[in-house]
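Novice: Sequence:
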Amino acid sequence: MIGSGQVFRIFWENMEPFMQVRINGNTKDIKTIKLFDNTELSWKIGKKYCTGYWKNGYRPCPKNAEISRGSKCQICMQLDEYFRCVKCDGSVCLNTNARRQCMSDEFFLYLVSFNSLLKVGISRTFRLKTRLVEQGADFGAKLMKIKDGKKARKIEQEVSKKLGIVDRVNGSEKFEHLFGDPNKSLKKITRCVEKLKAFGYVISPEIYDLRRYYKLDKVREVPVLLKNLEGKQIHGKVIAIKGNIMILRDKNKYIALNTHDLIGRKVEEL
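Following numbering that gives the first Met the number 0, the numbering of the sequence shown begins with 0 at its first residue and continues without gaps.
Derived from the structure by calculation, the hints contain no laboratory data.
Once the Cα atoms are required to be at most 16 Å apart in a straight line, the calculated EDC-like pairs of lysine to aspartate or glutamate come out as: (1) LYS43 / GLU268; (2) LYS214 / GLU15; (3) LYS144 / GLU155; (4) LYS265 / ASP28.
Quick caveat: nothing in here was measured; it's all calculated off a predicted structure.
With the sequences and hints as input, model every part of the structure.
Specialist: Printed below as a string of structure tokens:
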């Protein structure tokens, strides 16, 4: 039981999804919920507020700012140690304070597929598979190890242009590709791997089938995607999560939520 609180974050650990809720808005009283443990949600969803920023540890938003999208207000985006790195394209460092560490960090370049949709990305080596799963990819291909995050971003952008594929996939696109053809998905990845070899990239691909982690086999029909969550009530058992799409079953009905819209929102237990 949480009473009321704020959805703080959703994350994967040991290949299982968890949600953290700040109880009654208290930044130190955080309840962690294991989402695949017969978890039932019965909530009224409220407004969205900034979740704070990371700087030598987590810090709450100084303004407790109300926001309309994302998880951070403009002030916390600027204060966060790593937020600028998300926007890096490998041309100019946007976070000079972290540059020295970034130069020594190691990354994997990868490809992932969402049905017929392909994406290229980079991940720190120690969390590659977790990164692929938290995105909700059907298949992933580890391609090459790269030292220096700026260099890794530059190669990521080169590959994106050469293959004509994206480096970001939004929640609505993931919902559209929720159920797909695994053969088509795998073929697209293997074709791109061969193209990269033909372009002269020295890669040693390792392909992962990630579908079993999401439990989509429990979803018997295409769920209804809830939008504009503020003021809505949700009821049901969490039965599947694929990327930022969380699916609940209420009796014989299936509903889906974009967790990116859920994060930061105040919730009240019904």
